[in-house]
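Visitor: Listed below are the residues making up each chain.
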Amino acid sequence: ETGVTQTPRHLVMGMTNKKSLKCEQHLGHNAMYWYKQSAKKPLELMFVYNFKEQTENNSVPSRFSPECPNSSHLFLHLHTLQPEDSALYLCASSQDEGGGEKLFFGSGTQLSVL
Amino acid sequence: GQNIDQPTEMTATEGAIVQINCTYQTSGFNGLFWYQQHAGEAPTFLSYNVLDGLEEKGRFSSFLSRSKGYSYLLLKELQMKDSASYLCAVRDGDYKLSFGAGTTVTVRA
Chain A
147 ETGVTQTPRH
157 LVMGMTNKKS
167 LKCEQHLGHN
177 AMYWYKQSAK
187 KPLELMFVYN
197 FKEQTENNSV
207 PSRFSPECPN
217 SSHLFLHLHT
227 LQPEDSALYL
237 CASSQDEGGG
247 EKLFFGSGTQ
257 LSVL
Chain B
7 GQNIDQPTEM
17 TATEGAIVQI
27 NCTYQTSGFN
37 GLFWYQQHAG
47 EAPTFLSYNV
57 LDGLEEKGRF
67 SSFLSRSKGY
77 SYLLLKELQM
87 KDSASYLCAV
97 RDGDYKLSFG
107 AGTTVTVRA
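Sequence order for the protein chains is A and B.
Heads up: the first sequence at position 81 corresponds to 227 in the working numbering, and the numbers run straight through without jumps.
Heads up: the second sequence at position 16 corresponds to 22 in the working numbering, and the numbers run straight through without jumps.
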């Protein structure tokens with residue numbers, strides 16, 4: 147248990163569906179992140195929020211829409227995804243952004259787009 | 007972009023030692039991390055190096071040489087539970103964190 151909870155653990159969706167991934171951290175951290183993990187590829191940073199403000203959008207397609215209502219919760223809204231978007235989506239948090247701050251990861255949502 | 011290289015797979019015997027190398031080429035440097043990820047689970051923090059030298063934590067040690075752009079993670083007295091993927095990650099001069107593709111370690115009895 148890392149203190150970061152993600153739901154759902156698994157998600158299968160069609161290309162026309164709309165779904166949302168949820169992340170919650172109970173660590174009192176100020177920064178939250180979305181990463182994409184594809185098989186045999188490096189973890190790919192998607193979005194960073196610090197004190198609820200988005201500080202990084204790593205050229206992510208608009209079919210992925212993040213939302214951070216407060217420092218403890220982070221959502222990733224999905225719509226009209228493509229099969230190549232199938233991957234493990236990991237949420238992480240850290241005390242602050244940058245420096246020697248280590249990341250605490252959730253267990254991820256395994257997404258399959260049909 | 008940043009370039010972080012680590013071997014794809016390694017296999018070792020229970021009780022043995024395994025060394026996972028990581029080389030990096032980044033614009034500036036602000037620290038190197040190692041994470042462990044068991045299949046289907048969250049990556050968890052193992053170590054952080056920002057100065058040259060060896061950091062030891064029980065059975066695991068991590069080494070850094072900034073001039074060579076090189077780090078290794080040393081796993082001693084291997085146990086079956088050490089079978090996992092090990093991720094090297096580097097923070098560059100702009101504090102952006104980039105990950106390697108991970109090294110899958112399989113421990114055999």
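Derived from the structure by calculation, the hints contain no laboratory data.
A few of these clues could be false.
[As the list claims (entries may be wrong)] Sample of chain B residues lacking proximity to chain A, with all beta carbon distances greater than 12 Å (derived): (1) Gln12; (2) Thr19; (3) Glu47; (4) Tyr76; (5) Lys102.
[Stated by the list, open to error] Quick partial rundown of chain A residues pointing at chain B, CB under 10 Å, derived from the structure: (6) Val150; (7) Pro154; (8) Lys165; (9) Lys168; (10) Tyr179; (11) Lys187; (12) Gly252.
[Unchecked claim] Under the rule of at most 25 Å between Cα atoms (straight-line distance), these lysine-lysine pairs were calculated in the BS3-like manner: (13) B:Lys74 to A:Lys198; (14) A:Lys248 to B:Lys63; (15) B:Lys87 to A:Lys248; (16) B:Lys82 to A:Lys165; (17) A:Lys168 to B:Lys82; (18) A:Lys248 to A:Lys168; (19) A:Lys248 to A:Lys198; (20) A:Lys198 to B:Lys82; (21) A:Lys164 to B:Lys74; (22) B:Lys102 to A:Lys186; (23) A:Lys198 to B:Lys87; (24) A:Lys248 to A:Lys186; (25) A:Lys165 to B:Lys87; (26) A:Lys248 to B:Lys102; (27) B:Lys74 to B:Lys102.
We put the beta carbon where it would ideally sit given N, CA and C, even for glycine.
Visitor: For the pair supplied as a hint, Lys168 (chain A) and Lys82 (chain B), confirm whether the alpha-carbon distance does not exceed 25 Å.
Guide: Violated. Lys168 (chain A) to Lys82 (chain B) sits at ~38 Å, over the 25 Å cutoff.
Visitor: Is the Cβ of Glu47 (chain B) more than 12 Å away from each Cβ in chain A?
Guide: Answer for Glu47 (chain B): violated, closest chain A Cβ roughly 6 Å.
Visitor: Between Lys198 (chain A) and Lys87 (chain B), is the straight-line Cα distance small enough, at 25 Å or below?
Guide: violated, 37 Å
Visitor: When you check the alpha-carbon spacing of Lys248 (chain A) and Lys63 (chain B), does it fall within 25 Å?
Guide: Cα-Cα ~16 Å, so holds.
Visitor: When you check the alpha-carbon spacing of Lys74 (chain B) and Lys102 (chain B), does it fall within 25 Å?
Guide: Holds. Lys74 (chain B) to Lys102 (chain B) sits at ~20 Å (cutoff 25 Å).
Visitor: Is the hinted pair Lys102 (chain B) and Lys186 (chain A) satisfied, with a Cα-Cα distance of at most 25 Å?
Guide: Answer holds: Lys102 (chain B) to Lys186 (chain A) is near 21 Å, not above 25 Å.
Visitor: Closer than 10 Å between Cβ atoms is the bar; does Lys165 (chain A) clear it against chain B? Give me holds or violated.
Guide: violated, 20 Å
Visitor: Decide if the proposed pair is consistent with the structure: Lys248 (chain A) and Lys198 (chain A), CA atoms, cutoff 25 Å inclusive.
Guide: holds, 19 Å
Visitor: Against chain B, is Lys168 (chain A) within 10 Å by beta-carbon distance?
Guide: violated, 15 Å
Visitor: Mind checking the CB of Tyr179 (chain A) against every CB in chain B and telling me if the closest is under 10 Å?
Guide: Status holds, d = 9 Å.
Visitor: Is Lys248 (chain A) within 25 Å of Lys168 (chain A), Cα to Cα?
Guide: holds, 21 Å
Visitor: Quick check for students: does the CB of Thr19 (chain B) sit more than 12 Å from each CB in chain A?
Guide: holds, 25 Å
Going through the hint list in order, the structure does not satisfy hints 1, 3, 5, 7, 8, 9, 13, 16, 17, 20, 21, 23 and 25.
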